[in-house]
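Protein chains in written order, with the working numbering: chain A, 5 to 318; chain B, 182 to 486.
Mixed in with the good hints there might be a few duds.
What the hints assert, rightly or not - Pairs of lysine-lysine residues, derived as DSBU-like cross-links and limited to a Cα-Cα distance of at most 35 Å, are as follows: (1) K382/B <-> K204/A; (2) K204/A <-> K221/A; (3) K348/B <-> K276/A; (4) K382/B <-> K37/A.
Don't read these hints as lab results, they were simulated from the structure.
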Amino acid sequence: MATNTTAVQAKVAKPVAAPGPWREAFGRLIRNKLAIVGLILVILLLFCGIFGPFIAPWPYQVQDLAAVQANGNRPLPPLSPNHILGTDQLGRDLLSRLLDGARISITVAFVVQAVIIFIGVPVGALAGWFGGRTDNALMRLTDVIYAFPDILFIILLSVAFRDTVVGQSLDGLLLVFIAIGLVGWVTVARLTRGQMLALKETEFVEAARAIGVSDRKIVTRHLLPNGMGPIIVAITLGIPVAILAEATLAYIGIGVQPPRASWGSLISEGQKFIRSEPHLVVFPAVFIALALIGFTFLGDGLRDALDPKLKGKQ
Amino acid sequence: MITYIGRRFLWIIPVLFTVSIITFFLMHAVPGGPWDREKHLPKGTQDRLNAQYGLDQPLYIQYINWAGAFVQGDFGPSYRYQDRRVNDIVADGFWVTFQLGVMAFILSVAVGIPLGIFAALGHNRGPDYLATSVSIIGIATPVFVLAILMIVFFSVNLGWFPTGGWKGPQYWVLPTIALAGFSIAIIARYTRASMLEVTRKDFIRTAQSKGLRNQAVVTRHMIRNALIPVVTILGPTLAFLVTGSFIIERIFGILGIGQFYITSISTRDYSLLMAMTMLYAFAVAFLNVVVDVLYAYIDPRIRYS
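The task is simple: from the sequences and hints, build the whole structure.
Rendered as structure tokens:
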């Protein structure tokens, strides 16, 4: 313990953003080949999602009926003129629709995780910090949410609020995002609580408390930043789960409303032509796979980078 | 330990109670009712049906009626299939869904764990890359994609297995593999990581330096210790397989209870939906407790207060 109180106070009151551990972690991340593969895939996906509509050869809903009719009313195969990945049976350009699907998937990734952070972190922080009855009540709440059959609950919410303002936002997607987030925050809440409990007993927190830092500041300035690593990892690894959930729901016809199509609904539409036009299923499946692999590798890499103790643990 | 087990199992009751309340009121918040069909029923008929089924009463009364019957094992009448009780519908499909889930679970464990061990023992060599590739494919392929591709290859092109149905062992193969794919990947990943963790432990070095045969070190020390954390994901895995089979049932045309998952919501078949929710919630909560207890039992280092 430092004997000079003012020195301690100066240190605590003005927490300089320590570049050390984060820069080290970044160094470990970029030395990890799989993580780099993941990072590249994620950047590509972000690029497609953000700039997709500008680089897409066609708007996603435009039907090139003439081309389809010329092909005997069948979907165009890949490498057709004007349609590099072919079209569906209505003459809509598959590449353009896949790029729009990328936009949906990155929106899933971020909106769902935002909902999860927004609920999970405060609940976990409150439970871990106050302990006792608060902790008990909040953790029992997570038990209930945990026991909920996820998909059933998501479907129920999606149907229940379909006709409300939320249900109509973002082509019917916002509601699905919120529903996925509402069943998914439990892991982050438990993790945050665990981090809180562990860090609460550390000396630097004791020091902060001794010089009279308020509870709120201890939580927001000391506990959360220090416990951030595992939470970031959990959130990154939660992204593929959310993307998969959205694709599955779209596949069974819940969520995104036509003419927009997520990768899941593209597969569901293409399934009818699987024998003659397998590309209608294969390309969306490849896009889903690359997105899932990208975020999974990046998440694994982040875990190894942020917590060297856990290296190798997947 | 006994009190701990008892407390954990008793805790399932309030969890189920809360789940039932949330679902019940959420479900009745959904616009429309069980009588909205393709053929519009006259108002008088709807009122009479509502009165007959007690749907004209205040919601909390309806809930109490439902809960009272449910506790006695009566899941109520189905509104969609009006000549049938929900109990019969559930009983008919339950075993198929259960069988599918359990077979997929056994397959996941029987393939996933050896795959993970195999990968860890050949760390950064051929076996590791092979096993890791398998698990990447499993993680990157959604269940429905796997199912579609398998039907195309093995049923349509090769004609090895039927495309759908549930009439005998040859019908079981594809749905079980399709359902298990993702879990195999997860279990293999987890086992591999856990094995690698154990490999670095001091007691392994001790075992090796006292001259124990390599095989004994692996089987008696490494695998036994590495599998302890793997047990924690088995409960969620089984729950995922039993509750997640609806999409497989849909693709393969299997008449389990999974199909009612979605139809009960879209047809507002309240009692069927409640029964499905309670059944799944019970399965998830129960399996979690079983795993926690099992965990405490096989690893004496874990002490519960």
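Results for each hint:
| no. | hint | result |
| --- | --- | --- |
| 1 | K382/B <-> K204/A | holds (29 Å) |
| 2 | K204/A <-> K221/A | holds (13 Å) |
| 3 | K348/B <-> K276/A | holds (25 Å) |
| 4 | K382/B <-> K37/A | holds (26 Å) |
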